[in-house]
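Line order of the protein sequences matches chains A and Y. The first sequence maps to residues 1 to 400 in our numbering. The second sequence maps to residues 1001 to 1425 in our numbering.
Hints may contain errors.
For each label pair, taking beta carbons as the anchor points, the in silico distance ranges come out as [unchecked claim]: (1) A:L206 x Y:R1071: 51 to 59 Å; (2) Y:S1424 x A:V145: 56 to 64 Å; (3) Y:L1148 x A:D57: 49 to 57 Å; (4) Y:F1357 x A:T148: 47 to 55 Å; (5) A:I251 x Y:L1148: 22 to 30 Å; (6) Y:L1186 x A:A375: 28 to 36 Å; (7) A:A375 x Y:R1071: 53 to 61 Å; (8) Y:R1071 x A:I34: 57 to 65 Å; (9) A:D214 x Y:T1305: 45 to 53 Å.
With a straight-line cut-off of 30 Å between C-alpha atoms, the simulated DSSO-like cross-links for lysine-lysine are [what the hints assert, rightly or not]: (10) A:K71 x Y:K1343; (11) A:K62 x Y:K1049; (12) A:K372 x A:K337; (13) A:K340 x Y:K1049.
It should be emphasised that the hints constitute simulated quantities derived from the structure, not laboratory data. Each residue gets a CB set at the ideal place from its N, CA and C atoms; glycine is no exception.
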Amino acid sequence: MKHRKNPLMMINPFIAFVFILLLFPVTSLADKEIKITDPASVVVIVNRDSNDIAFMDIETHKIIGSVFLGKNVNPHMAMMSKDGRWVVTGGTRSNKAYIIDVATLTLKKEIAVGFAPEHLAFSPDGRYYYQGNPDDDSVSVIDMVSMTEIKRIPGFAEPLNITFTPDGSKAYVGNYGAHWVGVIDVSRHELLKKIYVGEVPEIASLDPERYLGDIKGISNVSISNDGRYLYAADGDLGIVSVIDSREDKVIKQIRVGADPWRAYMSHHGNYAVVANNGDATISIIDLKKNEVVATLESGPDIMGINFAAGKAFVVSSSSGFLYVYDMTSLTAAGRIKIGKNLQIETATTDTAGEKLYLASSTDHSVYIIDGKTEAVTRVANVGLYPWGTHILDSKDNYCH
Amino acid sequence: MFSLLLTMSVNTQADDNQEQLLNHIKELEQRIIELETTTVLSDPETRVKQIEVFVDANGIEHDTQVPGSKRRITYQRERVYRRQTINEKISEAMEDASNRNVQLGVDAAIIIQNVQQHRGDNKTADGNFYQLASTDLYFTAGLAQYTLFFADIVGLSGTPPNNEIDGLTLANGYAARLVQQNDLSLREAWLMTELWDQKISLVVGRLDLTNYFDANAAANDETSQFLSDALVNNPALGLSENGAGMAVLYDPKKSFSFRMGYQQSTSTASNLSDALFLLLEAGYQLNPFHLGEGNYRIWYREDNTGSGTNAVGVSIDQKLTAGITFFARYGSAENAASSNREKHYSTGLQFAGGLGFNPEDTLGIGYAYTNPVSVEKEKLLEAYYNLAMTEKLHLTFNLTYLQEQRASASTDAYVIPGMRLQASF
Chain A
1 MKHRKNPLMM INPFIAFVFI LLLFPVTSLA DKEIKITDPA SVVVIVNRDS NDIAFMDIET
61 HKIIGSVFLG KNVNPHMAMM SKDGRWVVTG GTRSNKAYII DVATLTLKKE IAVGFAPEHL
121 AFSPDGRYYY QGNPDDDSVS VIDMVSMTEI KRIPGFAEPL NITFTPDGSK AYVGNYGAHW
181 VGVIDVSRHE LLKKIYVGEV PEIASLDPER YLGDIKGISN VSISNDGRYL YAADGDLGIV
241 SVIDSREDKV IKQIRVGADP WRAYMSHHGN YAVVANNGDA TISIIDLKKN EVVATLESGP
301 DIMGINFAAG KAFVVSSSSG FLYVYDMTSL TAAGRIKIGK NLQIETATTD TAGEKLYLAS
361 STDHSVYIID GKTEAVTRVA NVGLYPWGTH ILDSKDNYCH
Chain Y
1001 MFSLLLTMSV NTQADDNQEQ LLNHIKELEQ RIIELETTTV LSDPETRVKQ IEVFVDANGI
1061 EHDTQVPGSK RRITYQRERV YRRQTINEKI SEAMEDASNR NVQLGVDAAI IIQNVQQHRG
1121 DNKTADGNFY QLASTDLYFT AGLAQYTLFF ADIVGLSGTP PNNEIDGLTL ANGYAARLVQ
1181 QNDLSLREAW LMTELWDQKI SLVVGRLDLT NYFDANAAAN DETSQFLSDA LVNNPALGLS
1241 ENGAGMAVLY DPKKSFSFRM GYQQSTSTAS NLSDALFLLL EAGYQLNPFH LGEGNYRIWY
1301 REDNTGSGTN AVGVSIDQKL TAGITFFARY GSAENAASSN REKHYSTGLQ FAGGLGFNPE
1361 DTLGIGYAYT NPVSVEKEKL LEAYYNLAMT EKLHLTFNLT YLQEQRASAS TDAYVIPGMR
1421 LQASF
């Protein structure tokens, strides 16, 4: 009996493959509605407990939509790619990185990364997304073209924030579980060197409880506007070390207040403001002289610092206040009460440097603060436990 | 040929897939182990939240405002998918329990001093050693929102040099606390509440008004800075004892602040009108030439003790660099026994950063001049080095030069080396 050939089998498999490839994008785009045409027109909101990333229209203050990531994901930080096409986030409890398509508000990819991913950064060319995995002591390298983890760089000690140099050749990693800054060679995705930021004083041997207990190292390496110098605050040592990025060498140690969390760079690039959570103060560093020019009283549990309208706004998480400082006279300029019994988190500033978008976790809101008038507008019900906000090209995109 | 290449490619791809699959299974197994060991595999977390609702005339609750509805604050259970590690759960529970309890703090100090007289008629103090031990127990409890109770019980025992030197001010500032040897005494017990968006603080109870008036960043604390009372307080302030009182502090967290208060300063009063001191102070903070912050305060005092009814003073601390602070005080007080006013001034420098033992060390040098009435004068020069041995234990070495000029007596001068071991936890 002669077998009759299936007509489908007669088609060259290669031609069929090319045909499917060509057809796929057309059909997939046709299925998905474009919800965001201008990525610069939205505030990205990280909702830790509803496990989603919400997108709020900057003009109307309406939630355009949100992307659910999965139960118990607990996203920590989100960032938009330079071209505004993607938003990435790390799920602290799912050990995954997520890539969201901004235009259609759909989850494009879930990628397994190291343990407890939190802070992240894009390389300046947008090709790579580095995801820090603090409980895994590693940094995952995600290739944004293949959307895969191409490497997991080991050898860190509780890596938190990641800072790329403007030319994209190096990335600096703050290690909260150590007193050194990791330098990654981006071309090879390898830990190139460890920059030792400062001496633990000899007399520390009398105080093992302090230095051997809960280590408070470096949470972030902040970069000067020209990309030349890096400022690494070390919590236990109470210093900010200035690193010359050309030589990867500490050129100065600046003593600040107790338990400094990190330095926040003013938009003009003339000052860095350091949040000292040990004594509830801020230290203002003149970046030309690399000296502290003011140490001012602030509030407890500082989560972030934003700049707008010539002022610095310090987020005091547990008090529900924003402490305000005049960046010309370098003096205190009052405080803004956001609300009672609130825990306020982190904020971003719009690209015009006029308004702040502050996440308030315990009342599921985002507060919009006009930097000039200090008027406050509440946008309620943005999702559960909003933890952070992000705006494309904002100078104040940071996380806890 | 093409089909052969295709077959080989398919086989290689199958091998790769199998290896990837095995790696993936291995990774998943590792993750399950990590999850089981560190994570509470719990149900969704439930918690009670304060929420804002809108209730209409019919008592129907709405999430958003509807015509005729009123805004109300209520509480509601909320369920979320938040997974916490065991450590986080334990930390949260411990922090919660700690917040509900009374907080206890201890500040203990032992001060040893030696007096060497090198000028004037020979006094009994010459060559003697003195030792004072002091312990403060602090109790703090949150009673309501923005309302705090604080009590300080002090026990003091020992011999300060003040009695044998007979100085115009206390060579050991701790002695100001000494009411009765070996007895526990209540130094402070007050309630503090914050009002008007926490711009105003109201403190009522048994107070030490020097905590709120005539403050100074570099010379205000005998437990960590200068030991001599003349460099820690302004004698013109006139407060000799703690007592019942009230303080109102207005602090909008801008450059300007204002405070007023009254306090009784005698332990033998029979009513609140006895030995009553009224104080007013205005403070301003500025940053001249971006040197660093400077605090400038001016105060005024009135009292009904009869020994003098008013005084005025200033207290300044100004950073010259990030590590050097200049300080100065001036006070002028009316004296009922003389047409002249009592005068006091002090000045000095504080250096942060120490001499390289520990960056948290401080050292200071200060000079104080006190002229209570026409011919009596006291000049005092003190230097100290505060070595931060640990966060909770500090050892301070200090050296004081004291010159006392009294009416119808010789001018005496003393050198007083001392040491203070202080623990606070």
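Hint-by-hint comparison with the structure:
no.: 1; hint: A:L206 x Y:R1071: 51 to 59 Å; in the structure: holds (56 Å)
no.: 2; hint: Y:S1424 x A:V145: 56 to 64 Å; in the structure: holds (58 Å)
no.: 3; hint: Y:L1148 x A:D57: 49 to 57 Å; in the structure: violated (43 Å)
no.: 4; hint: Y:F1357 x A:T148: 47 to 55 Å; in the structure: holds (53 Å)
no.: 5; hint: A:I251 x Y:L1148: 22 to 30 Å; in the structure: violated (45 Å)
no.: 6; hint: Y:L1186 x A:A375: 28 to 36 Å; in the structure: violated (47 Å)
no.: 7; hint: A:A375 x Y:R1071: 53 to 61 Å; in the structure: violated (19 Å)
no.: 8; hint: Y:R1071 x A:I34: 57 to 65 Å; in the structure: violated (38 Å)
no.: 9; hint: A:D214 x Y:T1305: 45 to 53 Å; in the structure: holds (52 Å)
no.: 10; hint: A:K71 x Y:K1343; in the structure: violated (72 Å)
no.: 11; hint: A:K62 x Y:K1049; in the structure: holds (23 Å)
no.: 12; hint: A:K372 x A:K337; in the structure: holds (16 Å)
no.: 13; hint: A:K340 x Y:K1049; in the structure: holds (13 Å)
In this structure, the hints that do not hold are numbers 3, 5, 6, 7, 8, 10, in rising order.
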